[in-house]
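Chain residues, written in single-letter form:
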Amino acid sequence: MLIQQLVNALTLGAIYSLIALGYTLVYGILAMINFAHSEVLMLGAFMALGLAALLPAIFGTGVVGLVGMFILSMAGAGVINVLVERFAYRPLRHISRLAPLISAIGVSIILQNGVFLWISTQSLRFPEPVAIGQVPVFGATISTLQITILAAALILMGLLHFFVERTKLGKAMRACSDDIQTAGLMGINPDYIIALTFFIGGALGGAAGVLYGMNYGSIKYNLGFLPGAKAFTAAVLGGIGNIRGAVLGGFILGILEVLASGYIPNGAQWRDVIAFTVLIIVLLVRPSGLLGEKIAEKV
Amino acid sequence: MTSIFRFAAAVTAIVFVAACGPKEKSVKIAVAVPLTGDMGTEGQGLRRAVEMAVEEANAAKRFPYKLVAAPYDDRADPKEAVNVANLIISDPRVVAVIGHYNSGSAIPAAKVYARAPVAMVSPAATNPEVTAQQNSKDWFGPRMVFRVVPTDDVQGSYAATFAYTRLGLRRMTLLHDKTPYGQGLAEQFQKTFLRLSGKIVSEDGISVGDKDFKALLTKIKSDVSKPQGIYFGGLYTEAGLLLKQMRELGLNDPFVFISGDGAKTSGIFDVAGDSADGAYLSIVGVPVEELPSAKAFVDSYKKRWTGSGEELKPFDHFGYEAAQVIFAAMERAGSPDRVKVIAELKKTKYTGVLGTTTFDDKGDTLNKIVTMTRAHAQDHTFPSVK
Amino acid sequence: MLRWRWTPWTALALAAAFPFLAATLDAQYLVRVGGVIGLFMILGLGLNFTLGYVGLFDLGFIAFYAIGAYTTAIAMRAGVPALLALGLAMVVTLAVRALLGLTILRLRGDYLAVVTMGFGEIARLTINNLDAFTNGPKGLQLAPWRPLNFLSDDPNIQYYLLILLAVAAGVVAAKRLENSRVGRAWVAIREDEIAARLSGIPVRHYKLLAFTISAAYAGLAGGLFAQWEQFVTPESFVFWESILVVSIVVLGGMGSIAGVLLGALVLVGFPPLMQWKLSADWINYRYLFFGLILVLVTLFRPQGILPSSRREAELTS
Numbered sequence: 001m002l003i004q005q006l007v008n009a010l011t012l013g014a015i016y017s018l019i020a021l022g023y024t025l026v027y028g029i030l031a032m033i034n035f036a037h038s039e040v041l042m043l044g045a046f047m048a049l050g051l052a053a054l055l056p057a058i059f060g061t062g063v064v065g066l067v068g069m070f071i072l073s074m075a076g077a078g079v080i081n082v083l084v085e086r087f088a089y090r091p092l093r094h095i096s097r098l099a100p101l102i103s104a105i106g107v108s109i110i111l112q113n114g115v116f117l118w119i120s121t122q123s124l125r126f127p128e129p130v131a132i133g134q135v136p137v138f139g140a141t142i143s144t145l146q147i148t149i150l151a152a153a154l155i156l157m158g159l160l161h162f163f164v165e166r167t168k169l170g171k172a173m174r175a176c177s178d179d180i181q182t183a184g185l186m187g188i189n190p191d192y193i194i195a196l197t198f199f200i201g202g203a204l205g206g207a208a209g210v211l212y213g214m215n216y217g218s219i220k221y222n223l224g225f226l227p228g229a230k231a232f233t234a235a236v237l238g239g240i241g242n243i244r245g246a247v248l249g250g251f252i253l254g255i256l257e258v259l260a261s262g263y264i265p266n267g268a269q270w271r272d273v274i275a276f277t278v279l280i281i282v283l284l285v286r287p288s289g290l291l292g293e294k295i296a297e298k299v
Numbered sequence: 001m002t003s004i005f006r007f008a009a010a011v012t013a014i015v016f017v018a019a020c021g022p023k024e025k026s027v028k029i030a031v032a033v034p035l036t037g038d039m040g041t042e043g044q045g046l047r048r049a050v051e052m053a054v055e056e057a058n059a060a061k062r063f064p065y066k067l068v069a070a071p072y073d074d075r076a077d078p079k080e081a082v083n084v085a086n087l088i089i090s091d092p093r094v095v096a097v098i099g100h101y102n103s104g105s106a107i108p109a110a111k112v113y114a115r116a117p118v119a120m121v122s123p124a125a126t127n128p129e130v131t132a133q134q135n136s137k138d139w140f141g142p143r144m145v146f147r148v149v150p151t152d153d154v155q156g157s158y159a160a161t162f163a164y165t166r167l168g169l170r171r172m173t174l175l176h177d178k179t180p181y182g183q184g185l186a187e188q189f190q191k192t193f194l195r196l197s198g199k200i201v202s203e204d205g206i207s208v209g210d211k212d213f214k215a216l217l218t219k220i221k222s223d224v225s226k227p228q229g230i231y232f233g234g235l236y237t238e239a240g241l242l243l244k245q246m247r248e249l250g251l252n253d254p255f256v257f258i259s260g261d262g263a264k265t266s267g268i269f270d271v272a273g274d275s276a277d278g279a280y281l282s283i284v285g286v287p288v289e290e291l292p293s294a295k296a297f298v299d300s301y302k303k304r305w306t307g308s309g310e311e312l313k314p315f316d317h318f319g320y321e322a323a324q325v326i327f328a329a330m331e332r333a334g335s336p337d338r339v340k341v342i343a344e345l346k347k348t349k350y351t352g353v354l355g356t357t358t359f360d361d362k363g364d365t366l367n368k369i370v371t372m373t374r375a376h377a378q379d380h381t382f383p384s385v386k
Numbered sequence: 001m002l003r004w005r006w007t008p009w010t011a012l013a014l015a016a017a018f019p020f021l022a023a024t025l026d027a028q029y030l031v032r033v034g035g036v037i038g039l040f041m042i043l044g045l046g047l048n049f050t051l052g053y054v055g056l057f058d059l060g061f062i063a064f065y066a067i068g069a070y071t072t073a074i075a076m077r078a079g080v081p082a083l084l085a086l087g088l089a090m091v092v093t094l095a096v097r098a099l100l101g102l103t104i105l106r107l108r109g110d111y112l113a114v115v116t117m118g119f120g121e122i123a124r125l126t127i128n129n130l131d132a133f134t135n136g137p138k139g140l141q142l143a144p145w146r147p148l149n150f151l152s153d154d155p156n157i158q159y160y161l162l163i164l165l166a167v168a169a170g171v172v173a174a175k176r177l178e179n180s181r182v183g184r185a186w187v188a189i190r191e192d193e194i195a196a197r198l199s200g201i202p203v204r205h206y207k208l209l210a211f212t213i214s215a216a217y218a219g220l221a222g223g224l225f226a227q228w229e230q231f232v233t234p235e236s237f238v239f240w241e242s243i244l245v246v247s248i249v250v251l252g253g254m255g256s257i258a259g260v261l262l263g264a265l266v267l268v269g270f271p272p273l274m275q276w277k278l279s280a281d282w283i284n285y286r287y288l289f290f291g292l293i294l295v296l297v298t299l300f301r302p303q304g305i306l307p308s309s310r311r312e313a314e315l316t317s
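Residue numbers (the working numbering), protein chains in the order written: chain H, 1 to 299; chain Y, 1 to 386; chain U, 1 to 317.
These are calculated hints, taken from the structure and not from any lab test.
Take the hints with a grain of salt, since some may be wrong.
Stated by the list, open to error - With a cut-off of at most 27 Å between alpha-carbon atoms, the simulated DSSO-like pairs for lysine-lysine come out as follows:
hint : chain 1 : residue 1 : chain 2 : residue 2
1    : Y       : K211      : U       : K138
2    : U       : K175      : Y       : K368
3    : Y       : K199      : U       : K138
4    : Y       : K368      : Y       : K61
5    : Y       : K362      : U       : K138
6    : U       : K277      : Y       : K191
7    : Y       : K346      : Y       : K362
8    : U       : K138      : Y       : K137
As the list claims (entries may be wrong) - These stretches of chain Y come out as covered by chain H in the derived footprint (C-beta under 8 Å, 3 or more residues):
hint : region
9    : 127-134
10   : 240-251
Where is the CB? At the ideal position from N, CA and C, for every residue including glycine.
Go ahead and model the full structure; you've got the sequences and the hints to work with.
Here it is, written out as C-alpha cells:
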C-alpha cells in the first residue's frame, strides 16, 4: 500500500508542480498573482481535446501524434497567456499592484464562461492517447498512464531548469526577476521578457491541463479552478517566485493530500483542512516559504 | 470623471443591446435553476427538459394562450436563489415555478414563493427540509411546495436491501460527496444496511469537484476488513471518476459499486468510459423499457437536442415531469391562476415518465418505486436488474 | 462646500424612502437587491480596514461572514434574542479574528493572502463537516425576526431598512476612525511601515487593530443575512464570495468609503440587474458580461471608481 500511495502522491504532485511553476514564474517577474492561470490550464486541456480529433490525420496515432498534440496545446496555452498579459495586465503594470489582480479575475470569469457557452456545458470524454496497461511493482499496481505523466512532468521541469539556468534568455529572465528596472537599463527589453515568461508559464499550464485530462479521462469548463488554487498554494508553500520551491511545494501538497485521505480514517473530508493547516504552520515557521529567500525589509 | 461616464455608457450599452427581446403577452412557467457556475451543467439540462415540455404543450394547443418557459439563473447560490424568487413573484404572468436545483437554494427560496403564493415544484432538491419546513409554526403562507423527486430515504434503503439480500453483500464501504443529496443517500443506506446486520467498514466524505480519489481507493483496497463494495451518494462526475480509478487500481468484479439516480446518466460513460460497466445504479420509478412514456421522452429529448451535442442529465426527466404535473393542474384549474394551480397540484394524480405521481400532505411525491439498473458500457444503456 | 456635506444625508434619505416608493415604481425586486447590495457594502467597509487602510491582503474574508451567520443561527436556535445574537456574532467574529491576527499578521503581502484564503476554506469545510453543531451541508433553519412590523409586513423592506441602518452606522464608525489618531497611524503604516515605526507608531498593534475591527462588520453582515434568509448553509460562503469582496474594495477605491459603497453597488447590483433585464436568450451570458465589466472598469479606472481623496491628495501634492 505504501508504494501504491507514493505513486499516487507523485502523480498528483507532478501535476500540481507544473501548474505551480506557471504561477511562480509570473510572480517572480511581476509580483502578481495570475488569477487567470487556472483557465489557461483548462484551455490547454480543451485544445488538446480538439487536436486529438484533428491530429491523427496529420501525424497518425501513437507517440508522434501524442507529442504533437502536447506541443501544440502547450504553444496554444502559452499564446493565450501572452494575449491576456498584453491586453488585461500590461496597461495596468505601473499603476497599481492590485488592479491587475482584479483584471485577472475578470479574465478568468470570461474565459470560463466562454468555454461554458460556446464549447460545452458538460464533461467531455478525453481520449486515451496510449493504451493504459497495469504494471505490478512490489505488490502495487502502477498504470502506464501514471508513469507517462510523471515522466512528462519531469522532462518539462528539466527543460525549464536548463532554459532558465543555461541559456541567455533564461539569464535575462533571472535578471528581470531580480530587478526589472536595472535589467531594462542593461539593454534587456522587459516587455519582451515578460511576454516570454507568460508564454512559458502558460505552456507549462497547458501541459498540466493535458496531463490532467489524460489522468482523469474527462474535462469540463470549470476544471481549472480547484487545481489552480491548490497549485498556487503549493507555489507559496515552496516560496513564491522560486522555481525549485514551486516543484517542491507541488510534490509536498500531493503527498499531504494522499496522506490525509489515504491513511486517516474519515480523512478525505478533512483533506483540504489538513493541507491548509500545514501550509499555515509552515509559513509561520518560514514566512517566505520553504525555499523562498528572506525578503530584506524595505527601507 | 469622463472615464466614469465612458464606462457607464459602455455598461448601459451592453445591458440594453442584450435586453431587447420580444415582449408578447403570454403565460410563464419559471425555470429557476443554476444556468451558470459549477452546477450549470445540470441546470441547463433541466432548462432543456422544461423547454421541450412547453414546446410540446404549445404544439398540441393544450392551452388557449401561449406558454413560455422563463429561465432564471440562481447559480446554485442561496442568495441569488432568493433574489430570483423575488423577481419571479413580482411577475404576475408566472403561474408556477420549477426549481430549485440544490436544497440550499430551494429552502430559502420556497419561503419567498409562499408569500406570493406561487407553487414551487422541485425536480432535484432532495433535503427533507424543503417540504418539511411547511409544517413549522414559522411557515408564512399556504403549503405550496411540491417535489416530484423523492427524498433520500427511499433510494438509500432500497439499495441497502438490494446489496444485502440480492447481492449477498455483508461488508460495504460508504462514500458521499458532503452535499445534502449525497450524504442523505449514504445515511439511509447505512441505517438500513446496519439494521439488516450488514457491516459498514469505513465512511468517507469527498468534495464535489475533486478529481483524485486514488489515495482513498487505495486505502479501501487494502482495508483489512475487506469491504465487498462501495456505496456512493453523489453525482455522476464523481461517481465516474471513482469507477475509473477503482478499475485502474484493480478493484474489479466482484467488488461492486452501487449509487443512486444522480449517477445514472449517460454522462457517467463520458467520465468513466468502459470502467462504468457493471455499476449498480438505482432509479426512481419503473424501468424505462417497461414504460412507453419514458422511452418516448428519452427519444424526443435526443431528437430535440441532438444538434447541440447535449445529452440527458440525471434530473432532466424530473424537470419534464414537473412541467407535465403543472400543465395538468393548469388544465384542471381552467385558468392560469396561481392559487387555483396550487389547489389543483395538491390533487395531482399524473402518470408520466416516472410512473404515477401523487403528493402527500407535505407535497412530497408518493411515487416511491425504485428500480435497480446496471450500467452497460458497450451501448451506454442501463438495463434494469431483473 | 455645503452642497457636498449634505450629499451623504441626501443619499441616505433617498435610500430610506426607496422601498416605500418601490411598489408604485413596480420595482419591489430592487428592494431585495438593494438589501443584498447593502450586506456587501458592510462587508466591503469591513475589509476596507484591512485592505484599504493598512494594505493587508485578505482573501478569506468571507469566513467571518460565515462565522457571523452561523453564530447568529446557533444562538437564535438556542433561544437567544435576535439582537443579542447579532451582538454575539460580532463578539465571536472579533475574537476569532483577533486570534487569527495574533498568529498570522507577521506574514507579508501575498503570503498573508494565501494563509487567509486557507483559513476561509478551513472555516467553510469545518462548518460543512461538523454536522453535530452546524447540521453540515443540510444547513440550519431560523425562526423569523421581524422588528419593523410597524413599518411594513414585507420582510424585504424590513431588512432593507435594517441593513441600511447598519451601513449608515458602519460608515459613521469608519469615518470617525479614519479621521482619528488611529486612522492617521494606519495611513502612515500603509505608506511606509518602517518610517511609521521609526516615528514611534506601534505598528503591530495598529495592524492588529485594523485587522480585527474588520471582523465586526463581517459578523454583523453575516448575522443580518442569516436572520433575513432564516436559513444558513455552507454553500453561501464559498471562496468566490471572498474574491467578490476584495474586488469591491479594490474596484471601488481602496481606503475610500464612498468608493467601497459604489463598488458594492456596481459589482453586486449588476448580476441581478441583468437577471431582470436580459431576455431568455441572453440569461446564460450574465457572468460573461460580469467578467467583462471587471476587466473594463479596471482598465478605465485602475485606481478604483472613486479613489480615496487622501490618496489622491498624496499623489498630486
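For each hint, the structure was consulted:
1. Y/K211 to U/K138: holds (23 Å)
2. U/K175 to Y/K368: violated (60 Å)
3. Y/K199 to U/K138: holds (26 Å)
4. Y/K368 to Y/K61: violated (32 Å)
5. Y/K362 to U/K138: Measuring from Cα to Cα gives roughly 19 Å; hence the hint holds.
6. U/K277 to Y/K191: Violated: U/K277 and Y/K191 sit about 48 Å apart, past 27 Å.
7. Y/K346 to Y/K362: With a Cα-Cα distance of about 9 Å, the restraint between Y/K346 and Y/K362 holds, given a limit of 27 Å.
8. U/K138 to Y/K137: holds (20 Å)
9. 127-134: Violated - the region 127-134 of chain Y has 0 residues with a Cβ nearer than 8 Å to chain H, which falls short of three.
10. 240-251: holds (count 6)
Hint violations for this structure: numbers 2, 4, 6 and 9, all remaining hints satisfied.
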